[in-house]
Amino acid sequence: MGTALRWLLFVPYGAWLLIFVLLPLGLVVVTSLRDIDGAWTLANYERFLTPTYLAMAGTSVGYAFLITVITLAVAYPAAYLLTRTRQKAFWLIFLILPSWVNLLLKTYAFLGLLALHGPVNALFLAAGLPERPLLFTDFSFLLVSIYIFIPFMILPIFNAIEEIPPGLIEAARDLGAGRWDVFRRVIWPLSLDGVRAGVQAVFIPALSLFMITRLIAGNRVITLGTAIEEHFLVTQDWGMGATIAVMLVVMMAAVMAVVGRKGERT
Amino acid sequence: MAEPIIRFVEVTKQYDVDPPVLKGVSFELERGKFYTLLGPSGCGKTTILRLIAGFTKPTSGDIYFHGRRINDVPPNRRRVNTVFQDYALFPHLDVFENVAFGLRIQRLKAAEIERKVAEALKFVNLSGYERRKISELSGGQRQRVAIARAIVMEPEVLLLDEPLSALDLKLRKAMQYELRDLQRRLGITFVFVTHDQEEALTMSDEIFVLNEGRIEQRGTPKEIYDEPKTRFVAEFIGESNIVPGRMVADYRVAFAGTVFDCVDRGFRPHEPVDVVIRPEDLELVPPERGKLKVRIESVLFLGVHYEMIGVDEAGNRWLVHSTRRAQPGEAVGLDFDPEDIHVMRRPDGALPDRSTDDGADDPERPEREEPAWTAPPRKGAAT
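Residue numbers (my numbering), protein chains in the order written: chain A, 1290 to 1555; chain B, 2 to 384.
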């Protein structure tokens, strides 16, 4: 097998990469450098650095961070317990199943569940608690986002814990470690790669959420994702929309770099 | 006679509904000795190690540590440490932190951890490797880290689960001497598991030969080699000629069409037996002087000696190790002494009703089912 054949095998994906990844990315960068009339300018980036957009960026990162942390807090114990159960495959499918259902469908389902006169509020009433608006709140936004992202966090962590050789845990026990020490000194550090993968799989899409934001949080939460949508579809200011998109890519790259670098140290 | 550190009483281990891997094993281990558990895979040797370490519990029977029953004591509360077969070093920690692992759990002061780790690494000749990653070490170095990590805990018993099996031949030989030397310097009890009989013979004070969940024979390497008590032990340890025979009377055994003097007794008259003679105990002599006459079939030069196969008149094949050489096709005599003949009872039920009439009249030759380890404890416990 020569190098010629290897290049030939790369052609389909290379073409794909060029047409659907590099070219559009270039176009987005070019667009971000033009004003509404199509003239070259840096004004869009200057606007991004004004308090309005910086605050929006702060909110987006804040929500993405919160979503990631809570998802991790829920997913890690679940993944850990999963590795200790007997019917792993069964429980794994059980936890992964929701991710097979269309995202829009699940979001609409939550609209019904959390509605003012929906089943959740009915439960509150039955328990003697007052009805309260659940939709269009920070809480509902976080709840639905976390629900959506949990499988993406569980899988890589589950795989990482599953790959730890049982001999290492026996070795730790042999050296005097109780359950907590086994976890803290062996399982946790050796599952960090899975945690990193999960964090990336959640944080990056969470940063550019817009559909869940729109449907569940209404206008209560404005993130960079919704702002991009606004600029492209409502105000038709493509230059500004593209600028926000470029800044999002930069922020994601920064996160990747930070989370990824930790991996090299261990 | 020292009080035993570890005592097994009728310990049986069974997983699920499979046949038991250990069948009512009893023995005791003394302080400061090098024990080897020897046997083929599946004989139960690793199970014994895991029972001592506490990774698994006996299905029935009891395990005592200094006279205290420890069946339900978890591994982290036993004064026993293990060197694992694949070393099980922590890949996320460097050499120092691997060795310090157990000490950190004990929450010792940093200076003390420093001192103990340095001492342990010096003991295994790895000073200066503190900050190396595990992935940067060779197989022999990993092995030594694993040993250092265990001995730094100052265990009373060190368990070693086939620790040399992953090393190449030359390194294995070197490590055999190092381990033996280490055990003498530490003065603690070693329990070493292996399927390599040569390793067992080289290193041990005492060998337990295991087969199918039972202890076939327990003894010093010399006893095990020179006086195998069962056909299994004879076949497993070293090379053996095993031919069918018949016990004519005490000290008289018939095989290859002749009756020979031997040193075995306590068999029923005309009991069918297996006769074992080691290849190196057979001496090449002129045909007229030999106790057996054989025709040489093949000759192989093995460096130290020649390996020859001869066939006697009854059709038995004899493996002979000798520095003298015979020619293929040559008729030669084989000479041997009465004590070179080892007579084994047949394990395969060749005797009707054997449980009632032997064994009882001769405590020195316990039957196969009558565990050999119930014999009175040996002397020479202390070194």
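What the hints contain is simulated information worked out from the structure, not anything from laboratory work.
Since the structure is predicted, the reported quantities are computational estimates derived from the model, not experimental observations.
Hints are supplied without guarantee of correctness; some may be wrong.
[Said to hold, decoys possible] A short list of chain A residues far from chain B (calculated; beta carbon distances all over 10 Å):
id	residue
1	L1297
2	V1319
3	S1388
4	L1457
5	G1467
6	D1470
7	V1475
8	L1479
[Unchecked claim] Label pairs and their calculated CB-CB ranges:
id	chain 1	residue 1	chain 2	residue 2	range
9	B	F302	A	K1377	53 to 61 Å
10	B	L170	A	Q1376	52 to 60 Å
11	B	T60	A	Q1376	19 to 27 Å
12	B	A112	A	L1392	33 to 41 Å
We put the beta carbon where it would ideally sit given N, CA and C, even for glycine.
### Task
Could you check the hint for me, namely that F302/B and K1377/A are 53 to 61 Å apart, CB to CB?
holds (57 Å)
### Query
Hey, does L1479/A actually stay past 10 Å from chain B on C-beta?
With a cut-off of 10 Å, L1479/A comes too close to chain B, as the shortest Cβ separation is near 6 Å.
### Query
CB of A112/B to CB of L1392/A, is that within 33 to 41 Å?
For A112/B and L1392/A the Cβ distance comes to about 57 Å; the hint is violated.
### Nearest-CB test (10 Å) between chain B and G1467/A
Nearest chain B Cβ is 6 Å from G1467/A, so the label is violated.
### Message
Would the non-interface assignment of D1470/A survive a Cβ cutoff of 10 Å against chain B?
### Response
D1470/A not clear of chain B: closest Cβ-Cβ about 5 Å, inside 10 Å.
### Query
Is the nearest Cβ of chain B still more than 10 Å from the Cβ of V1319/A?
holds (45 Å)
### Query
Is 52 to 60 Å right for how far apart the beta carbons of L170/B and Q1376/A are?
Between L170/B and Q1376/A, where Cβ atoms are some 45 Å apart, the hint is violated.
### Message
So V1475/A supposedly isn't at the interface. Is its beta-carbon more than 10 Å from every beta-carbon in chain B?
### Response
Per Cβ check, V1475/A is inside 10 Å of chain B; nearest 7 Å; violated.
### Task
Taking the shortest Cβ-to-Cβ distance between L1297/A and chain B, state whether it exceeds 10 Å.
Per Cβ check, L1297/A is outside 10 Å of chain B; nearest 36 Å; holds.
### Query
Taking C-beta pairs only, is L1457/A more than 10 Å away from all of chain B?
violated (5 Å)
### Task
Mind verifying the non-interface call on S1388/A? Its CB should be farther than 10 Å from each CB in chain B.
holds (30 Å)
### Task
Can you let me know if the beta-carbon spacing of T60/B and Q1376/A is within 19 to 27 Å?
holds (25 Å)
Of the numbered hints stated above, those contradicted by the structure are hints 4, 5, 6, 7, 8, 10 and 12, listed in ascending order.
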